[in-house]
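Same order as they appear, the protein sequences are chains Z and X.
Residue numbering for the first sequence follows the UniProt record's numbering, starting at 1 and increasing by one per position.
Residue numbering for the second sequence follows the UniProt record's numbering, starting at 1 and increasing by one per position.
Just so you know, not all the hints are guaranteed correct.
The list treats identical chains as one, so a pair stands whether inside a single copy or across any two.
Unchecked claim - In the DSSO-like style, the derived pairs of lysine-lysine whose C-alpha atoms are separated by at most 30 Å in a straight line are: (1) Lys56 / Lys319; (2) Lys36 / Lys154; (3) Lys191 / Lys174; (4) Lys154 / Lys34; (5) Lys36 / Lys191; (6) Lys154 / Lys174; (7) Lys228 / Lys252; (8) Lys319 / Lys34; (9) Lys252 / Lys236; (10) Lys34 / Lys189; (11) Lys56 / Lys252; (12) Lys319 / Lys36; (13) Lys228 / Lys174.
The set of hints was computed from the structure by calculation and includes no laboratory data.
2 protein chains.
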Amino acid sequence: MPAAVDIKQSSETLPLLLLHRFPSFELSFFPVLKTKYTVLDLHADPPGPSFPILSKSVRVMLCVGPTALTSEDLDRYPAVECVVGSSAGINHFDLAACRRRGIHVTSAGDASSDDVADYAVGLALDVLRRVSVADRFVRAGSWPFQKEYTLGSKVSGKRVGIVGLGSIGLRVAKRFEGFNCSIAYNSRKIKSHVSYPYYANVGDLASNSDILIVCCALTNETFHVINKDVMRALGKTGIIVNVGRGALIDEKELVELLVRGDLGGAGLDVFEHEPYVPEELFSLDNVVLSPHNAVITLESFAALEELVLANIEAFFSNKPLRAEVELH
Amino acid sequence: MPAAVDIKQSSETLPLLLLHRFPSFELSFFPVLKTKYTVLDLHADPPGPSFPILSKSVRVMLCVGPTALTSEDLDRYPAVECVVGSSAGINHFDLAACRRRGIHVTSAGDASSDDVADYAVGLALDVLRRVSVADRFVRAGSWPFQKEYTLGSKVSGKRVGIVGLGSIGLRVAKRFEGFNCSIAYNSRKIKSHVSYPYYANVGDLASNSDILIVCCALTNETFHVINKDVMRALGKTGIIVNVGRGALIDEKELVELLVRGDLGGAGLDVFEHEPYVPEELFSLDNVVLSPHNAVITLESFAALEELVLANIEAFFSNKPLRAEVELH
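Please model the entire structure based on the sequences and the hints provided.
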């Protein structure tokens, strides 16, 4: 009986799935995909002689990580009806092109929201309380010889401003409430279901915050939403944490303000030109630098795998997609 | 008029205050003390010729940081009636000797509890989500060249076991509730005012925890309360955070378990033989090391200054002391 199942599930009868990714991006569940689908992968070694033909009829594509999805990509795969994304932010997809073609798009939805919110709080704690600095100090063997210490700044009770009160921002708020912090936020629209003060203007929010958490989506409207004026409003004792996308902040200005001491500190998981990180930051003790790690947990990957597999299956069985993106 | 005030507040008329400290320990409010008291300081440069005589009649002493207070110290200052401590933990005082002499003892009380609780959560987040590791990775310039990353472990939803549910432990609990973590605790006695599950045995608590936060007082009973068996019960995926005192944990066993991979990780702000830190820990990525920093914030120091000054003044004006320690 197992032999019969094996034959039935041969690659000839399995539905087609296109993997769209950087060569370096591997996900732990790629092997699982191959048991269920005929996986077309331009970066497989080799992609196979049938790739050019099969890719013309593939109906669903899985976009992995930050790989851009352009209108030209979609031209190459004209039969695609569904794009399954594997990240919460999908600013790297040409959504207008998807909409024109009537393609359904899904994101990672909430699969990693807890982890990103946890990481945002971790970065804020680390910047204000100098945890990484302390760890460097001890590992360097300096403690027995140097009595000086860097005074941290208290986290409890501080004013937290959240830019983008979506699934991540709401979780950030809940966590900081446990620290007796006051919460305020900025977003496109006021959220009627929360009682936190709303600021229509990010600069006003920054003026009234000690900790600014940036976790909104990157769109044309939010590009460099954290500009020089906003950071100046946050001021010399304010800190900024970015777990959204690098280009939400004017990075050049951020670096200048940090180097001059005109901004209190920064916890950065994302950068404008990843993996490039401005080297001026490497010598500063009031910044914590992280290589886009906010979603990188075992649990987050498992939740993502579950969601992605469910969405591919839902597509083929005409069931509702989860975390589908509304295309305007 | 100012001249008259200056004359009146000369050192002859100001009450005596003994400063008991390591030479290296300075606090920002020492200058303020000198405006209000004739400060006797064995480590001042010089202590002054009147020190031997005045120290026999000094009635109140301020003990700074971790400086031990022994029965022999008290023999040298026979008129002392009140010992004002400046730390939350006062295991370095000979409390039995204080009790025999009828000396009142105060601690830092709650002045730093928020900061210590914040730091405990920060260490847990850092260990599980590898924040310091990430920061080292980026600062080393490795990101553009190395695609590998260390998978973190999710913080949200984990089981937090708190050893010592005092003013710090309760605050730790509240913070982790914001992360949807479940809370349980161990302490000398069950606390009737909280609903968290109580474990009379620390090993049982560890068996049912993913994150063990150690924040109880160090006493004869709690010396090495976290022994090998407790850490084995916590297991290969469990982590331990110590913001109490180093000797609460059997450090030799802790290091062995960490090196062998039999414990998931550790965030350590305190050590058995500070400032000595076991060098075996320096090469591990699943530990975060910190030089007894949990109370080191501007705000904490300000609160401590306020409390210490208030207690010295209360002593001289026969008013009730704050954060007085009950001596059994």
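Structure-based check of each hint:
Within a single copy, Lys56 and Lys319 get their C-alpha atoms as close as 24 Å, which meets the 30 Å cut-off; across copies the closest is 87 Å, which misses it. In this assembly of identical chains, Lys36 and Lys154 lie within 30 Å of each other by CA distance solely across copies; the values are 28 Å between and 52 Å within a copy. Taking identical chains as interchangeable, the C-alpha atoms of Lys191 and Lys174 lie at most 30 Å apart whether they share a chain (15 Å) or sit on different chains (26 Å). Taking the closest pair of Cα atoms, Lys154 and Lys34 come within 30 Å of each other only across two copies (28 Å); inside a single copy the shortest separation is 50 Å, beyond that limit.
Neither within a single protomer nor between protomers do Lys36 and Lys191 lie at most 30 Å apart by alpha-carbon distance, with minima of 41 Å and 54 Å respectively. Taking the closest pair of Cα atoms, Lys154 and Lys174 come within 30 Å of each other both inside a single copy (18 Å) and across two copies (17 Å). In the homo-oligomer, the alpha carbons of Lys228 and Lys252 lie at most 30 Å apart inside one protomer (9 Å), although the nearest pairing across protomers, at 51 Å, exceeds that limit. Taking CA atoms no more than 30 Å apart as the test, Lys319 paired with Lys34 passes inside one copy only; the shortest distance there is 22 Å, against 77 Å between copies.
In this assembly of identical chains, Lys252 and Lys236 lie within 30 Å of each other by CA distance solely inside one copy; the values are 17 Å within and 43 Å between copies. Proximity of Lys34 to Lys189 under the C-alpha cut-off of 30 Å is found in neither arrangement, the shortest distances being 43 Å within a copy and 56 Å between copies. In this assembly of identical chains, the alpha carbons of Lys56 and Lys252 never lie at most 30 Å apart, being 43 Å within a copy and 63 Å across copies at closest. Only within a single protomer do Lys319 and Lys36 lie at most 30 Å apart by alpha-carbon distance; the minimum there is 17 Å, versus 78 Å between protomers.
For the homomeric pair Lys228 and Lys174, the shortest alpha-carbon distance inside one copy (28 Å) is at most 30 Å, but the shortest distance between copies (36 Å) is not.
Consistency with the previously given hints fails for numbers 5, 10, 11, ordered from lowest to highest.
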